[in-house]
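One-letter residues, chain by chain:
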Amino acid sequence: MMELTLAIAIGCLTGSGVWLLLRPRTYQVVIGLSLLSYAVNLFIFSMGRLRVGAAPVLEGAGTVNPADYADPIPQALVLTAIVIGFATTALFLVVLLAARGLTSSDHVDGREP
Amino acid sequence: MPDNSLLTLLIVLPFLGSLVTVMLASTSRNLAGGIAGAVALACHLLAWLLYVPVRDNEVVRAVFEWVPSLGLTVSLRLDGFAWLFALLVSGIGVLVVLYARYYMSAEDPVPRFFAFFQAFMGAMLGIVVSGNLILLVVFWELTSVTSFLLIGYWHHNQAARDGARMSLTVTAIGGLGLLAGVMVIGHIVGSYDLDRVLASGDLIRAHPLYVPALLLVLLGALTKSAQFPFHFWLPNAMAAPTPVSAYLHSATMVKAGVFLMARLWPVLSGTPEWFMIVGLAGMASLVFGAYLAMFQQDLKGLLAYSTISHLGLITLLLSLGSPLGLVAAIFHMMNHATFKASLFMAAGIIDHETGTRDLRKLSGLFRFMPITGTLVMVASAAMAGVPLLNGFLSKEMFFAEAVATHADSWLDRVAPYAAVLASALAVTYSMRLIHSIFLGAPPESFPREPHEPPFFMRLPVTLLVFACLVVGIVPGLTIGPYLHIAITSVLGAATPEYSLAVWHGFTVPLVMSLIALVGGALLYLAIGNYLERSEGAFLLRRFQAQRMFEQVMVTVSWRWARFIETNLGTRRLQPQLRLLVFVAFAAALLSLFGSDIGLAPVQLAGTDWVFTGMWAVGVTCAIAAAHQAKFHRLAALALLGGTGLITCMTFVWLSAPDLAVTQLVVEIVTTVLILLGLRWLPKRSQALTEPLGAMARVRRLRDLAMAIAAGVGMTVIAYAVMTRPAPETIADFFLEKAYSEGGGRNVVNVILVDFRGFDTLGEITVLGIVALTVFALLRRFRPAPDSVERPEQQRIQRAYDEAQPDRQPGATAADYLFVPSVIMQWMFPVIIMFSAYLFLRGHDSPGGGFAAGVAMAAGFILQYMAAGTIWVEDRLRILPVTWIGGGLLVALSTGIGAWVFGKPFLTSYAQYVDLPLIGKIPLATAALFDLGVLTLVVGATVLMLIALAHQSVRRLRAARSEEQS
Numbered sequence: 001m002m003e004l005t006l007a008i009a010i011g012c013l014t015g016s017g018v019w020l021l022l023r024p025r026t027y028q029v030v031i032g033l034s035l036l037s038y039a040v041n042l043f044i045f046s047m048g049r050l051r052v053g054a055a056p057v058l059e060g061a062g063t064v065n066p067a068d069y070a071d072p073i074p075q076a077l078v079l080t081a082i083v084i085g086f087a088t089t090a091l092f093l094v095v096l097l098a099a100r101g102l103t104s105s106d107h108v109d110g111r112e113p
Numbered sequence: 001m002p003d004n005s006l007l008t009l010l011i012v013l014p015f016l017g018s019l020v021t022v023m024l025a026s027t028s029r030n031l032a033g034g035i036a037g038a039v040a041l042a043c044h045l046l047a048w049l050l051y052v053p054v055r056d057n058e059v060v061r062a063v064f065e066w067v068p069s070l071g072l073t074v075s076l077r078l079d080g081f082a083w084l085f086a087l088l089v090s091g092i093g094v095l096v097v098l099y100a101r102y103y104m105s106a107e108d109p110v111p112r113f114f115a116f117f118q119a120f121m122g123a124m125l126g127i128v129v130s131g132n133l134i135l136l137v138v139f140w141e142l143t144s145v146t147s148f149l150l151i152g153y154w155h156h157n158q159a160a161r162d163g164a165r166m167s168l169t170v171t172a173i174g175g176l177g178l179l180a181g182v183m184v185i186g187h188i189v190g191s192y193d194l195d196r197v198l199a200s201g202d203l204i205r206a207h208p209l210y211v212p213a214l215l216l217v218l219l220g221a222l223t224k225s226a227q228f229p230f231h232f233w234l235p236n237a238m239a240a241p242t243p244v245s246a247y248l249h250s251a252t253m254v255k256a257g258v259f260l261m262a263r264l265w266p267v268l269s270g271t272p273e274w275f276m277i278v279g280l281a282g283m284a285s286l287v288f289g290a291y292l293a294m295f296q297q298d299l300k301g302l303l304a305y306s307t308i309s310h311l312g313l314i315t316l317l318l319s320l321g322s323p324l325g326l327v328a329a330i331f332h333m334m335n336h337a338t339f340k341a342s343l344f345m346a347a348g349i350i351d352h353e354t355g356t357r358d359l360r361k362l363s364g365l366f367r368f369m370p371i372t373g374t375l376v377m378v379a380s381a382a383m384a385g386v387p388l389l390n391g392f393l394s395k396e397m398f399f400a401e402a403v404a405t406h407a408d409s410w411l412d413r414v415a416p417y418a419a420v421l422a423s424a425l426a427v428t429y430s431m432r433l434i435h436s437i438f439l440g441a442p443p444e445s446f447p448r449e450p451h452e453p454p455f456f457m458r459l460p461v462t463l464l465v466f467a468c469l470v471v472g473i474v475p476g477l478t479i480g481p482y483l484h485i486a487i488t489s490v491l492g493a494a495t496p497e498y499s500l501a502v503w504h505g506f507t508v509p510l511v512m513s514l515i516a517l518v519g520g521a522l523l524y525l526a527i528g529n530y531l532e533r534s535e536g537a538f539l540l541r542r543f544q545a546q547r548m549f550e551q552v553m554v555t556v557s558w559r560w561a562r563f564i565e566t567n568l569g570t571r572r573l574q575p576q577l578r579l580l581v582f583v584a585f586a587a588a589l590l591s592l593f594g595s596d597i598g599l600a601p602v603q604l605a606g607t608d609w610v611f612t613g614m615w616a617v618g619v620t621c622a623i624a625a626a627h628q629a630k631f632h633r634l635a636a637l638a639l640l641g642g643t644g645l646i647t648c649m650t651f652v653w654l655s656a657p658d659l660a661v662t663q664l665v666v667e668i669v670t671t672v673l674i675l676l677g678l679r680w681l682p683k684r685s686q687a688l689t690e691p692l693g694a695m696a697r698v699r700r701l702r703d704l705a706m707a708i709a710a711g712v713g714m715t716v717i718a719y720a721v722m723t724r725p726a727p728e729t730i731a732d733f734f735l736e737k738a739y740s741e742g743g744g745r746n747v748v749n750v751i752l753v754d755f756r757g758f759d760t761l762g763e764i765t766v767l768g769i770v771a772l773t774v775f776a777l778l779r780r781f782r783p784a785p786d787s788v789e790r791p792e793q794q795r796i797q798r799a800y801d802e803a804q805p806d807r808q809p810g811a812t813a814a815d816y817l818f819v820p821s822v823i824m825q826w827m828f829p830v831i832i833m834f835s836a837y838l839f840l841r842g843h844d845s846p847g848g849g850f851a852a853g854v855a856m857a858a859g860f861i862l863q864y865m866a867a868g869t870i871w872v873e874d875r876l877r878i879l880p881v882t883w884i885g886g887g888l889l890v891a892l893s894t895g896i897g898a899w900v901f902g903k904p905f906l907t908s909y910a911q912y913v914d915l916p917l918i919g920k921i922p923l924a925t926a927a928l929f930d931l932g933v934l935t936l937v938v939g940a941t942v943l944m945l946i947a948l949a950h951q952s953v954r955r956l957r958a959a960r961s962e963e964q965s
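Protein chains in written order, with the numbering used here: chain G, 1 to 113; chain C, 1 to 965.
These aren't lab readings, by the way, just hints derived from the structure by calculation.
Here the structure is a predicted model, which is why all the values come from computation and not from measurement.
Treat the hints with caution; some may be incorrect.
If you anchor each label on the Cβ, the simulated ranges turn out as follows [unchecked claim]:
no.: 1; chain 1: C; residue 1: I597; chain 2: G; residue 2: R111; range: 41 to 51 Å
no.: 2; chain 1: C; residue 1: A638; chain 2: G; residue 2: T103; range: 42 to 52 Å
no.: 3; chain 1: C; residue 1: Y816; chain 2: G; residue 2: A67; range: 54 to 64 Å
no.: 4; chain 1: G; residue 1: M47; chain 2: C; residue 2: M548; range: 53 to 63 Å
no.: 5; chain 1: G; residue 1: A67; chain 2: C; residue 2: I173; range: 52 to 62 Å
no.: 6; chain 1: C; residue 1: A545; chain 2: G; residue 2: R111; range: 40 to 50 Å
no.: 7; chain 1: C; residue 1: R700; chain 2: G; residue 2: T103; range: 19 to 29 Å
no.: 8; chain 1: G; residue 1: A67; chain 2: C; residue 2: N4; range: 50 to 60 Å
no.: 9; chain 1: C; residue 1: L817; chain 2: G; residue 2: A67; range: 26 to 36 Å
no.: 10; chain 1: C; residue 1: H627; chain 2: G; residue 2: T103; range: 21 to 31 Å
no.: 11; chain 1: G; residue 1: L33; chain 2: C; residue 2: R702; range: 53 to 63 Å
no.: 12; chain 1: G; residue 1: D109; chain 2: C; residue 2: L209; range: 45 to 55 Å
no.: 13; chain 1: C; residue 1: L209; chain 2: G; residue 2: T103; range: 51 to 61 Å
no.: 14; chain 1: G; residue 1: T103; chain 2: C; residue 2: H155; range: 26 to 36 Å
The calculated lysine to any residue pairs, modelled on SDA-like cross-linking and capped at a C-alpha distance of 20 Å, are [to be verified]:
no.: 15; chain 1: C; residue 1: K630; chain 2: C; residue 2: A586
no.: 16; chain 1: C; residue 1: K683; chain 2: G; residue 2: R111
no.: 17; chain 1: C; residue 1: K630; chain 2: C; residue 2: K683
no.: 18; chain 1: C; residue 1: K737; chain 2: C; residue 2: F905
no.: 19; chain 1: C; residue 1: K737; chain 2: G; residue 2: A54
no.: 20; chain 1: C; residue 1: K683; chain 2: G; residue 2: H107
no.: 21; chain 1: C; residue 1: K630; chain 2: G; residue 2: D109
Just a few of them, taken from the derived set where beta-carbon distance is under 8 Å, the chain G residues facing chain C [stated by the list, open to error]:
no.: 22; residue: L13
no.: 23; residue: A55
no.: 24; residue: I82
no.: 25; residue: T89
no.: 26; residue: V94
no.: 27; residue: A98
A virtual CB, placed ideally from N, CA and C, is assigned to each residue, including glycine.
Given only the sequences and the hints, what does the whole structure look like? Please build it.
Written out as structure tokens, the structure is:
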């Protein structure tokens, strides 16, 4: 049951991410968002069902039997999501640095409670 | 050229001209004016070229598909009425441009003015020739927006900003109403096509939705034409430069409203509702506009209220529902445009020459500017309806219609008296205008010594006044045939017998005219002095629609907004995020209700224990990262990386090599990025923090519960989806066509760069924007005070260096990781080669632009880590912003290249090419697109990393310059 393992993994990543998302320190939120993005990427990827040894790389010309290959669509979606995820992480990080420069606080609200 | 091309050109030219003009330098006023003038003149000539078909009662059409599935077409339609308006809009446009060339001062950014002006003219022409109601609304709103820009042109001026905002608010709300009204009409008729709508008058008037449609359309038309009770925006719009006012008040903007009413007149008019609503609005505007105009002290204010009054006259004529009323309305639209444009231009000249527009200060100007004075007198007389001028003719027709009974009601019975009263008031304010400006004692002191304006500044006024005279004396020979074309195109077979002659015999309208002239003159003699001294309109001083409007605006946009903000808003992020998580969770839960989630039974039999063990590590890393992120950031980052690697291995395991490659390289750069950021975060030690209070514990428990609930929810959903059979998806299509049509074996890559190339274009654009945002944020970066100093480790190393006599400061840091750093430098070409390899094989095997781009960026950042920012930048010239732009350009031009071969945007072409040494490689145009992706990803990633890495250098520089000073 690979599915069960991956489902539990996705759940744990989501839980850790959500926990960090609700924390008061900006760095915690950045790490939490990264964990959440792993979870979401894996989740979207798993929508194409799990296949072992069936990469969506065709052998050559000729007729193609789609059942022999993994679903390429979730993979294409996740591929760009990974790169965009990096960009948003960078953006969050820089926003938190700039906010800390301006407010002298790394609390998410810009001031200590 | 065929007629439909001419028609298309008529619409395209102004916008094209606007686009060109806006790119000019702000000093090139002659060129900007020249372009605007040429465009307006070209439009005018185009309209004349279309005279022949229009004269023969043909309708010129040009139709382009827009959204055919929704019944939307860009359909242009020029009949006689539209033609006459196009002639008027472009003709007065030419004169206004000529006038503006002299009016605008050298300090103003003139190209911007002419760019807005041309766009405005284009939008107005668009309203006039739209053959589709939705298209008409689009141009309608475009006039609202462009007029907003024109009125607010002197945006340093508070009055201009307020006036612009008010006009936009009022006319855009009206435009929204019009859109809704048009959609109701489209619903009734089943089409937005103007021809079909015009043919369905009976259907629309009999429909139960007629009244809502009418109200909504009238909301648009009456706001645009500044009719009571929406009249208040127009006097405030006079903060615009005078050429703009001249144009707004004469041929455009306010005329758009009455144009629409006349356009839809065959469809909507003739019912009691139409008569009452339009008639009341028109009569109120006619009388109150004239009344308020008398009391204005600002010359432009007087003219603005007189515009409201004259537009009220036209509206009233349209309300009657009689064909003769329509004839008079169209005639008066033309006449009003000529004399009002000339009067506004003259007002601008007077303002220019004397430095004031205040009627109380102006006096005796005739001796300084006799020619302008004469012109203004003639135009004012036309406005007052003096015989032998064009204003007289349409006013006569108006009187005739006012006397005739159309629908027996009190409104109909009041009409003749209201007409005479308003005309008398018009005589009064026209006399006041002439008398207080040009006659009377010579002024004691003007801000400037006035004299005649330049010839070419006066030329537009002269031409317009000449038109008033000629039309007024020989109407049948001048405007007659053109007016007839317009009237027959609206009324068709119902065109009545009418006569444009000056003398109709001694008739009731003539008597009414005489009463109005004599009464108005007597009134001025009686209260002229009082008007000169008055501060606001008698009896109406307290009634100011403008103030009410502002009250409403404050209530809506400030009081209510504040109320909602204080009661429903929070500035704290945590409650917001909590709400977000909760809503997401609730939404997922809600959608599960009532449906059978059907979880497959759990079997441990087929479990792959290696995979499970791998994820045991991954999950441990994630939970540990969550636990450590507060006090041990570096540990948390390392643990996060652990989870990332397990994710990457999962992709390998589960047949997604592309994802694995990308995940791996992104993992590297993410880690480097956060490492660079760590240095700017405050120290936090577990030992220093206070123990948790009871409330904090409760909060934590609640957050933990939410986290667990979210995690369990995701597990259940993910498991439920994964264990059910896959449905039919478009994946099969992609798999089957990837090689035969996309020319690539790696289906994921083919989807990205070919099938869904447009999405990828959007994504790389986002990536570029994010990188530039990061760059921009960091350019002004100020670190927190406690992070400015060198990190502790560097201070210790420095102190050691300084304590040893044989060591240079910084030597320890330079020796740090000496062997690895040499290896890292050697790795540079290797990584670039690897990146090129990933890129080239991308179409057929795992790899591609994204992975290659991030890998190459990793190569660059490795150099920064190995040798330091300064060393690298002395040797490598990296221009990431150029890379971003270049990448986007390459991707875009690949897409556009398909157009050259007559294919849709981003169509690709695939071919295998034999390269010497390398062998056979797939070379699709998609590879060129992928090259753009690669370049942009390199640029974006490197830009973000370098910008962050640079901060430590900048800080040092700043500290050094501080020490020196």
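Status of the hints after comparison with the structure:
| no. | hint | verdict |
| --- | --- | --- |
| 1 | C:I597 to G:R111: 41 to 51 Å | holds (44 Å) |
| 2 | C:A638 to G:T103: 42 to 52 Å | violated (28 Å) |
| 3 | C:Y816 to G:A67: 54 to 64 Å | holds (55 Å) |
| 4 | G:M47 to C:M548: 53 to 63 Å | holds (57 Å) |
| 5 | G:A67 to C:I173: 52 to 62 Å | holds (58 Å) |
| 6 | C:A545 to G:R111: 40 to 50 Å | holds (45 Å) |
| 7 | C:R700 to G:T103: 19 to 29 Å | holds (24 Å) |
| 8 | G:A67 to C:N4: 50 to 60 Å | holds (54 Å) |
| 9 | C:L817 to G:A67: 26 to 36 Å | violated (51 Å) |
| 10 | C:H627 to G:T103: 21 to 31 Å | holds (26 Å) |
| 11 | G:L33 to C:R702: 53 to 63 Å | violated (20 Å) |
| 12 | G:D109 to C:L209: 45 to 55 Å | holds (51 Å) |
| 13 | C:L209 to G:T103: 51 to 61 Å | holds (56 Å) |
| 14 | G:T103 to C:H155: 26 to 36 Å | holds (32 Å) |
| 15 | C:K630 to C:A586 | violated (29 Å) |
| 16 | C:K683 to G:R111 | holds (16 Å) |
| 17 | C:K630 to C:K683 | holds (10 Å) |
| 18 | C:K737 to C:F905 | holds (19 Å) |
| 19 | C:K737 to G:A54 | holds (18 Å) |
| 20 | C:K683 to G:H107 | holds (13 Å) |
| 21 | C:K630 to G:D109 | holds (16 Å) |
| 22 | L13 | holds (5 Å) |
| 23 | A55 | holds (4 Å) |
| 24 | I82 | holds (5 Å) |
| 25 | T89 | holds (6 Å) |
| 26 | V94 | holds (5 Å) |
| 27 | A98 | holds (5 Å) |
The earlier numbered hints that this structure contradicts are 2, 9, 11 and 15.
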